[in-house]
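Participant: Residue numbers (my numbering), protein chains in the order written: chain C, 1 to 210; chain Y, 1 to 210; chain S, 1 to 210.
In case anyone wonders, no lab produced these hints; they're calculated from the structure. Nothing here was measured: the structure is a model prediction, and the numbers come from that model. Possibly wrong hints are sitting among the right ones.
Pairs count within a copy or across copies, as identical chains cannot be separated in the list.
Claimed, not checked - Distance condition first, Cα-Cα at most 20 angstroms in a straight line; then the derived SDA-like pairs of lysine to any residue:
#, residue 1, residue 2
1, Lys32, Glu146
2, Lys32, Arg94
3, Lys32, Leu148
4, Lys201, Tyr64
5, Lys32, Gln206
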Amino acid sequence: MATIDLGSISHWIGLFGIGVFAVSGALEAARKEMDILGFMLIGTVTGLGGGTLRDLLLGATPVYWVQQPHTVTICLVASILTYFLAPLLASRYRALIWMDGIGLATFSITGTAIALSHGAPPLIAVCMGVMSATFGGIIRDVLCSESLVLSSRELYVTAAAAGASTFLLLQLLGLGESIVMLGAFLVGFGLRAAAIIFGLKLPRYQRPAA
Amino acid sequence: MATIDLGSISHWIGLFGIGVFAVSGALEAARKEMDILGFMLIGTVTGLGGGTLRDLLLGATPVYWVQQPHTVTICLVASILTYFLAPLLASRYRALIWMDGIGLATFSITGTAIALSHGAPPLIAVCMGVMSATFGGIIRDVLCSESLVLSSRELYVTAAAAGASTFLLLQLLGLGESIVMLGAFLVGFGLRAAAIIFGLKLPRYQRPAA
Amino acid sequence: MATIDLGSISHWIGLFGIGVFAVSGALEAARKEMDILGFMLIGTVTGLGGGTLRDLLLGATPVYWVQQPHTVTICLVASILTYFLAPLLASRYRALIWMDGIGLATFSITGTAIALSHGAPPLIAVCMGVMSATFGGIIRDVLCSESLVLSSRELYVTAAAAGASTFLLLQLLGLGESIVMLGAFLVGFGLRAAAIIFGLKLPRYQRPAA
Numbered sequence: 001m002a003t004i005d006l007g008s009i010s011h012w013i014g015l016f017g018i019g020v021f022a023v024s025g026a027l028e029a030a031r032k033e034m035d036i037l038g039f040m041l042i043g044t045v046t047g048l049g050g051g052t053l054r055d056l057l058l059g060a061t062p063v064y065w066v067q068q069p070h071t072v073t074i075c076l077v078a079s080i081l082t083y084f085l086a087p088l089l090a091s092r093y094r095a096l097i098w099m100d101g102i103g104l105a106t107f108s109i110t111g112t113a114i115a116l117s118h119g120a121p122p123l124i125a126v127c128m129g130v131m132s133a134t135f136g137g138i139i140r141d142v143l144c145s146e147s148l149v150l151s152s153r154e155l156y157v158t159a160a161a162a163g164a165s166t167f168l169l170l171q172l173l174g175l176g177e178s179i180v181m182l183g184a185f186l187v188g189f190g191l192r193a194a195a196i197i198f199g200l201k202l203p204r205y206q207r208p209a210a
Numbered sequence: 001m002a003t004i005d006l007g008s009i010s011h012w013i014g015l016f017g018i019g020v021f022a023v024s025g026a027l028e029a030a031r032k033e034m035d036i037l038g039f040m041l042i043g044t045v046t047g048l049g050g051g052t053l054r055d056l057l058l059g060a061t062p063v064y065w066v067q068q069p070h071t072v073t074i075c076l077v078a079s080i081l082t083y084f085l086a087p088l089l090a091s092r093y094r095a096l097i098w099m100d101g102i103g104l105a106t107f108s109i110t111g112t113a114i115a116l117s118h119g120a121p122p123l124i125a126v127c128m129g130v131m132s133a134t135f136g137g138i139i140r141d142v143l144c145s146e147s148l149v150l151s152s153r154e155l156y157v158t159a160a161a162a163g164a165s166t167f168l169l170l171q172l173l174g175l176g177e178s179i180v181m182l183g184a185f186l187v188g189f190g191l192r193a194a195a196i197i198f199g200l201k202l203p204r205y206q207r208p209a210a
Numbered sequence: 001m002a003t004i005d006l007g008s009i010s011h012w013i014g015l016f017g018i019g020v021f022a023v024s025g026a027l028e029a030a031r032k033e034m035d036i037l038g039f040m041l042i043g044t045v046t047g048l049g050g051g052t053l054r055d056l057l058l059g060a061t062p063v064y065w066v067q068q069p070h071t072v073t074i075c076l077v078a079s080i081l082t083y084f085l086a087p088l089l090a091s092r093y094r095a096l097i098w099m100d101g102i103g104l105a106t107f108s109i110t111g112t113a114i115a116l117s118h119g120a121p122p123l124i125a126v127c128m129g130v131m132s133a134t135f136g137g138i139i140r141d142v143l144c145s146e147s148l149v150l151s152s153r154e155l156y157v158t159a160a161a162a163g164a165s166t167f168l169l170l171q172l173l174g175l176g177e178s179i180v181m182l183g184a185f186l187v188g189f190g191l192r193a194a195a196i197i198f199g200l201k202l203p204r205y206q207r208p209a210a
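Work the whole structure out from these sequences, hints included.
Facilitator: Written out as structure tokens, the structure is:
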């Protein structure tokens, strides 16, 4: 572990999250029976959306993918592969939910990390983590007129907030970046995974009997 | 009145508008029976959305709340309080509409004021006022898959435009800032309130008999 | 042709695209039977939306219309005219689709051109062309809770991509700007027009029999 370039770990995790979110977008396009260009648009917008929002809010423009065309290429390739491979899946919705969950945990971490590196205060960095983790899925669902994954009550926002907060906490403890990233990912993704598998939910707001 | 710091009046009105919009977002989350994290996300995005759009368009980045974490705190606290207090309300929808109306009038003024202070021409400043007043409600309704308050015909956009234009006009007359703000708020909110109470509408576009 | 200022051609095509998209937005407002302020808001947001997204992503802020109020005026006038003239149309939906198609082709070109002029790499410039061409229509349909034109399978994204790619290609060939623009417009708009008239579609993704 000690010899791995930590900056590079964070870089690869970021690319991984982008690709995974792109697949979730393309799977949504599959559910809507779009053509291949539709897959490429929804996949790319979903993959790049969260980081784009983060960069816009921080004023880090041009946004990252303008100078890193390979991130766009990842989204396009992931979308095209999904177009041809999705029929092999038993349940495209199930795959979408899991891809979304991995992307959610990944972006909650990288969003927080990048906001901190731009000098944002801790509370703001956690907000950025949550927003960049959830925005890709939100824009995917809005573009596909799908009911928002956001309104699923299975610890969706909670998992993003947990991942972002754990990252912040572990970093304040002065641990190495790879440990911090791994720990935060396990907490964020673990919470979402447990919620999906066991149907965990926070108590929902109860409308009083009108 | 004379001894009050005018810059501070505008500052407090801004914070008030943010809190009120956050409550309207949390009330929408209540109608969707979200969990408390959902309340916090929708409340925060609704409270900060209009000003965020304004800052992005003007290029005033990082957007204001990145360096003013207390604005995020206001949204979070307002959302949490709403979670616990909403059951006491007779009609959450009624409360939402009124909170939204107060936020609408407030943001139409502060949006115009901030655009002017960034050197935007008058027409643009009024547009910024209208956009930042309506955007919080739009994003709230989109995130909650709710039919857009925008398409209510009860002088919604009209009230925002009236508030923004009145602010511009009174300022051109050289009146003091507190008078200008109060006057513009009374016109914008008064128009929306009258429209809600009396069902005032502009003539709607009539489809010709096909 | 030879004596026409080429920069000015691109400028006029841009204004034309803005006006055409504004009309498409106002026609959507007509279908939703909004009041005249609703027409003005939807028309303006649709007309300016694509270019605004492009400027935000490139970091070219304040966005273009802040210093060019005449572009806002074009949108407002186009929306008001549509309010009064739409009843004369036999089919407002038909008109909307065609206006949208012209705007789509126009913005795919100007979006690519402006991204290139900001130093974006070719792939990114084409993406910017596609995004700024499709975003106006997306935001119009979201604001009006309309099913997204994006999900129409009649070569919508394809036409935008074709227009943007043709522009890039012809420019690499070193042709004059007016030829490049005309050629790219004919390819992009021709493809969309043929798709509308003849119902051309790419093969859509087929869900495997579950």
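Participant: Compare the structure with each hint and give your call.
Facilitator: Going down the list of hints, with the structure as the test:
Taking identical chains as interchangeable, the C-alpha atoms of Lys32 and Glu146 lie at most 20 angstroms apart whether they share a chain (9 angstroms) or sit on different chains (16 angstroms). In this assembly of identical chains, Lys32 and Arg94 lie within 20 angstroms of each other by CA distance solely inside one copy; the values are 15 angstroms within and 24 angstroms between copies. For a Cα distance limit of 20 angstroms, the shortest separation of Lys32 from Leu148 qualifies both inside one copy, at 15 angstroms, and across copies, at 12 angstroms. Taking the shortest alpha-carbon separations for Lys201 and Tyr64, neither the intra-copy value of 35 angstroms nor the inter-copy value of 33 angstroms comes in at or below 20 angstroms.
Within a single copy, Lys32 and Gln206 get their C-alpha atoms only as close as 33 angstroms, which misses the 20 angstroms cut-off; across copies the closest is 10 angstroms, which meets it.
Against the hints set out earlier in the document, a violation occurs for number 4 only.
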